[in-house]
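Take the sequences, apply the hints, and build the full model.
Below, each chain spelled out in residue letters.
Protein chains: 2
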Amino acid sequence: MATIYEVSKLAGVSLATVSRVMNNNANVSDATRKKVTAAMSELGYRPNSIAQSLASNCSNSVGLLVSELQGPFYGPMMSGIENIFRNQGKHVIIAAGHSDEEREQQGIEFLISRNCDGLILHVEAVSDDYLIKLSKGRVPFVLINRFIPELSDRCIILNNIKGGYLAAKHVLEQGHKNIAYISGPLWKKDAQDRLAGHKQALAEFNLSFNEQLLYQGDFMETSGFEGLKTIYQQGLSFSAVICANDEMATGAIASARELGLALPEQLSVMGYDNVFFTRHIYPPLSTINYPINEMGQMAANWILKHVYQKQTEPLQTMFEPSLVARQSIRHCPQ
Amino acid sequence: MATIYEVSKLAGVSLATVSRVMNNNANVSDATRKKVTAAMSELGYRPNSIAQSLASNCSNSVGLLVSELQGPFYGPMMSGIENIFRNQGKHVIIAAGHSDEEREQQGIEFLISRNCDGLILHVEAVSDDYLIKLSKGRVPFVLINRFIPELSDRCIILNNIKGGYLAAKHVLEQGHKNIAYISGPLWKKDAQDRLAGHKQALAEFNLSFNEQLLYQGDFMETSGFEGLKTIYQQGLSFSAVICANDEMATGAIASARELGLALPEQLSVMGYDNVFFTRHIYPPLSTINYPINEMGQMAANWILKHVYQKQTEPLQTMFEPSLVARQSIRHCPQ
DNA sequence: GTTATAAATGTAAGCGCTTACATTTTATGT
DNA sequence: ACATAAAATGTAAGCGCTTACATTTATAAC
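Protein sequences, first through last, are from chains A and B.
The first sequence lines up with residues 19 to 352 when you count with the numbering used here.
The second sequence lines up with residues 19 to 352 when you count with the numbering used here.
The reader is advised that the hints may include incorrect statements.
No copy is singled out in the list; a pair is fine if it fits within one copy or between any two copies.
In the DSBU-like style, the derived pairs of lysine-lysine whose C-alpha atoms are separated by at most 30 Å in a straight line are [to be verified]: (1) Lys206 - Lys27; (2) Lys151 - Lys53; (3) Lys52 - Lys27; (4) Lys154 - Lys27; (5) Lys151 - Lys52; (6) Lys154 - Lys195; (7) Lys27 - Lys151; (8) Lys323 - Lys27; (9) Lys206 - Lys53; (10) Lys206 - Lys52.
For the record, the hints were derived by calculation from the structure and aren't laboratory data.
Predicted model only: the values in this text are computed from it and were never measured.
In structure tokens:
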């Protein structure tokens, strides 16, 4: 592999000049610039990005920590992020945290030890304190889907209260009065918020929230399955179930089918996230859109601006959910 | 950030010694090793991986090029790969090629310019010649889901002929005689192979392949939709449709519903890949399992062995598909 | 106690770049 | 033509490590 040294010799200039044309910043005359680029292409020269990083103290890489590399939620997020960075010649190093405190911390440290210039974190298990401490450190980061008051300017979040509200309102408008709710783990802020929005809509319709129709799930399909079964077996009647995400809604649908309930005639089901497969399941799932792709891009823009001092579109931290009405919600039969 | 130099000063040893305990290879006495590690933790020292890479000419990173970061197919693949490398302290740099020749080449060059020690490529658009030339280059790579005879030892592939055969056989065993087929783009080897296996099964059942029941799609949902509609409107009767992947099967299902066909009573549908959402769609889709996660891990092992000289489980290049029978295939009504 | 040998440690060059600063060349005004 | 400023180029010192080689220290055999 040719080095800058060989290029400089061939072009008959100094190292510094070659470096200058590479970074085309300083003043270089057209004549020498041409000589140098000619030499470069003759040698098939490619700059060694490792050496560049060491010398410039900038690795041009940003670390991305997600909970899972697979699954319908993270794909669009990573995609939005990679897209933006690729165009800027930055690269993204990916690690998975698996919603586990230790593995998330390891992931973050791994990314830092890799000299990432900045970090985009979608972390769930790590504590607020840890992140606040981290924010005092050398490497800047932005958080997706997590709100910490002390770090509010670097938290890119969805208005989950509104999302919960929209979901409930839609169901209520179809005349449902007895609505089961399968929440996420209530130690998670987003699960809390979605439920809060839900209750808010209920209140607006002068309905009280029935704790017996609440099941606390874990955002995974199986808990949706268990949740619906558990609530059903209590014997209380309900005509709709709202789930705090699409995966659990999928589980609830499977469960309903097993219980012999006709969908959506006997039971309306509502999801949350608008993950891509929601339109393929049956009945096509009504849900709340989570603009995760855009939020990923916004996180990337945050890094571009704060780490690389690039001009970007105006930064936005709070995103709004919206209703996606499909066929899993029917008018209340009675 | 503390450097090796400060550690050496604090521990009262030379740079080389510190480096030795970091890489714990050479002979270092227990006493000095202890002094050094103590100094390290006192300073909160973290090695600068960029400097390590430059000095050792090894970046400990492997490049991964996939067509898309999102979608049900690549997720499990990336996941399998990240998993293995993370445990070995290697990191993965991800780029997307979007099945486009230029972008795939750009992606590969991007990864190479990032000094990846090795590459895992899932490329579709780039030519065999390009890859053969690339294989003469400095950086080793392994191919997933592509077979090039000259590079056969580094091609990790699925036996698609067998997969196509298995799918058709299953449908044929249910008594179907008139079977539509929605293929992938037939310039792609995997699309060809799946179709070849399909024909092979047909022949075994003494049935001839009806070209009029073939539609060439592009592996995307929309083409499944179009495909079924097109075939249907020709007026030929058929009781089953086999699609060369699950996405197209999903499209075909949507199309069938629009045409007023009851599923699976009036039309049996078969997919391919066993992507995770196949069990959520309705009717639950019978399909062919593609062990993409395992194949990703195998690719990672290939790199571990050939690039980093690690011991790994024995390498395997050809993987076998298997039938996943669910409810989208019924006995032929007549 | 020698000497030969092995183990432990140190020295210093270099990986391929960037960049502050110094120097040379060119342009500008009078 | 000359002084002065601006533009172009060169020089050399790092960036934080690894590693070949040199040197010192410990170990063993006699």
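Verification of the supplied hints:
| no. | hint | verdict |
| --- | --- | --- |
| 1 | Lys206 - Lys27 | neither (61 Å within a copy, 46 Å between copies) |
| 2 | Lys151 - Lys53 | between (50 Å within a copy, 28 Å between copies) |
| 3 | Lys52 - Lys27 | within (14 Å within a copy, 47 Å between copies) |
| 4 | Lys154 - Lys27 | between (45 Å within a copy, 27 Å between copies) |
| 5 | Lys151 - Lys52 | between (49 Å within a copy, 29 Å between copies) |
| 6 | Lys154 - Lys195 | neither (49 Å within a copy, 69 Å between copies) |
| 7 | Lys27 - Lys151 | between (49 Å within a copy, 28 Å between copies) |
| 8 | Lys323 - Lys27 | neither (38 Å within a copy, 38 Å between copies) |
| 9 | Lys206 - Lys53 | neither (60 Å within a copy, 43 Å between copies) |
| 10 | Lys206 - Lys52 | neither (58 Å within a copy, 42 Å between copies) |
Violated hints for the displayed structure, listed by number in ascending order: 1, 6, 8, 9 and 10.
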